[in-house]
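Enquirer: These protein sequences, in sequence, are chains V and D. Quick note: the numbering used here has the first sequence finishing at residue 113, numbered continuously throughout. Quick note: the numbering used here has the second sequence finishing at residue 113, numbered continuously throughout.
Since the hints were derived computationally from the structure, they do not count as laboratory data. Bear in mind that the values here come from a model prediction, so they are computed numbers and not experimental data. Please note: incorrect hints may appear among the correct ones.
[Claimed, not checked] Derived CB-CB ranges, DEER-like:
id	chain 1	residue 1	chain 2	residue 2	range
1	D	P8	V	P30	41 to 51 Å
2	V	S110	D	G38	14 to 24 Å
3	D	F69	V	Y54	33 to 43 Å
4	V	R63	D	A2	19 to 29 Å
5	V	V78	D	E17	41 to 51 Å
6	V	F47	D	P8	19 to 29 Å
7	V	M11	D	S70	42 to 52 Å
8	V	E15	D	S70	44 to 54 Å
9	D	D62	V	K3	24 to 34 Å
10	V	A71	D	R16	26 to 36 Å
11	D	D30	V	Q69	28 to 38 Å
12	D	K57	V	T60	32 to 42 Å
[Said to hold, decoys possible] Computed from the model, here is a short list of chain D residues facing chain V with C-beta under 8 Å:
id	residue
13	P27
14	D30
15	Y33
16	S48
Quick reminder that beta carbons are idealized off the backbone N, C-alpha and C, glycines included.
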Amino acid sequence: AQKITQTQPGMFVQEKEAVTLDCTYDTSDPSYGLFWYKQPSSGEMIFLIYQGSYDQQNATEGRYSLNFQKARKSANLVISASQLGDSAMYFCPDPAEGQNFVFGPGTRLSVLP
Amino acid sequence: AAGVIQSPRHLIKEKRETATLKCYPIPRHDTVYWYQQGPGQDPQFLISFYEKMQSDKGSIPDRFSAQQFSDYHSELNMSSLELGDSALYFCASSLRGMNTEAFFGQGTRLTVV
Chain V
1 AQKITQTQPG
11 MFVQEKEAVT
21 LDCTYDTSDP
31 SYGLFWYKQP
41 SSGEMIFLIY
51 QGSYDQQNAT
61 EGRYSLNFQK
71 ARKSANLVIS
81 ASQLGDSAMY
91 FCPDPAEGQN
101 FVFGPGTRLS
111 VLP
Chain D
1 AAGVIQSPRH
11 LIKEKRETAT
21 LKCYPIPRHD
31 TVYWYQQGPG
41 QDPQFLISFY
51 EKMQSDKGSI
61 PDRFSAQQFS
71 DYHSELNMSS
81 LELGDSALYF
91 CASSLRGMNT
101 EAFFGQGTRL
111 TVV
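Working from the sequences, and respecting the hints, build out all of it.
Expert: So, in structure tokens, the structure goes:
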């Protein structure tokens, strides 16, 4: 099982700038996956990006990318060219057993105009 | 592409009443998860099903029960509702495996009055 930590309860970023949301984990499993989800104020939980432990390259999905540093056990989410619609809660859940995600308090991102 | 469908989107019930929430997973997904997210709280894993059998159990109260049917849709039954059951209830689905993403429905917002 993993243990995941998001140390930033809240972040602010100026529109059009890039922002990095931190996620560190602790696992002894050789094979694992890291996920990021976004929850806007409307409430839905939106899958953003996935990084596998054996992936050679950092995952990217449009404006989202993962700064995956395996040795440091971190999988930080980078959002480039922030938009007002990026304002939301961001979760990096601990997959624990399968996808029975254990969600932490997440990071609230506020994009400023 | 088809997403996870939850119904109803909103539900208002009185204390001590019962409620049934429905979830229709993405076609060919074999695993369904239920989460509860109270106001201002992190999502909490309740229960999951794999191939119509209960797979894992989280913090689901004894007053709640769930099942997955032959067509893979799932229902969360909630009895003797309490004010504290007011929350956003998410269903998610995925293909079985450690490193596959789970896709969430838009949630059912239950209000107990």
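Enquirer: Each hint needs a verdict: does it hold in this structure or not?
Expert: Consistency of the hints with the structure:
1. D:P8 / V:P30: 41 to 51 Å: Given range 41 to 51 Å: holds, Cβ gap about 43 Å.
2. V:S110 / D:G38: 14 to 24 Å: 22 Å, holds
3. D:F69 / V:Y54: 33 to 43 Å: 36 Å, holds
4. V:R63 / D:A2: 19 to 29 Å: 25 Å, holds
5. V:V78 / D:E17: 41 to 51 Å: 46 Å, holds
6. V:F47 / D:P8: 19 to 29 Å: 23 Å, holds
7. V:M11 / D:S70: 42 to 52 Å: Taking Cβ atoms as reference, M11 (chain V) and S70 (chain D) lie about 45 Å apart, which means the hint holds.
8. V:E15 / D:S70: 44 to 54 Å: 49 Å, holds
9. D:D62 / V:K3: 24 to 34 Å: Given about 28 Å between the Cβ atoms, the range holds.
10. V:A71 / D:R16: 26 to 36 Å: 55 Å, violated
11. D:D30 / V:Q69: 28 to 38 Å: 33 Å, holds
12. D:K57 / V:T60: 32 to 42 Å: About 36 Å separates the Cβ atoms of K57 (chain D) and T60 (chain V), which means 32 to 42 Å holds.
13. P27: Cβ of P27 (chain D) sits 17 Å from chain V, so the hint is violated.
14. D30: 11 Å, violated
15. Y33: The hint holds - Y33 (chain D) has a Cβ within 8 Å of chain V, the shortest such distance being about 6 Å.
16. S48: Hint holds; S48 (chain D) Cβ to chain V Cβ min 6 Å, cut 8 Å.
Consistency with the previously given hints fails for numbers 10, 13 and 14, ordered from lowest to highest.
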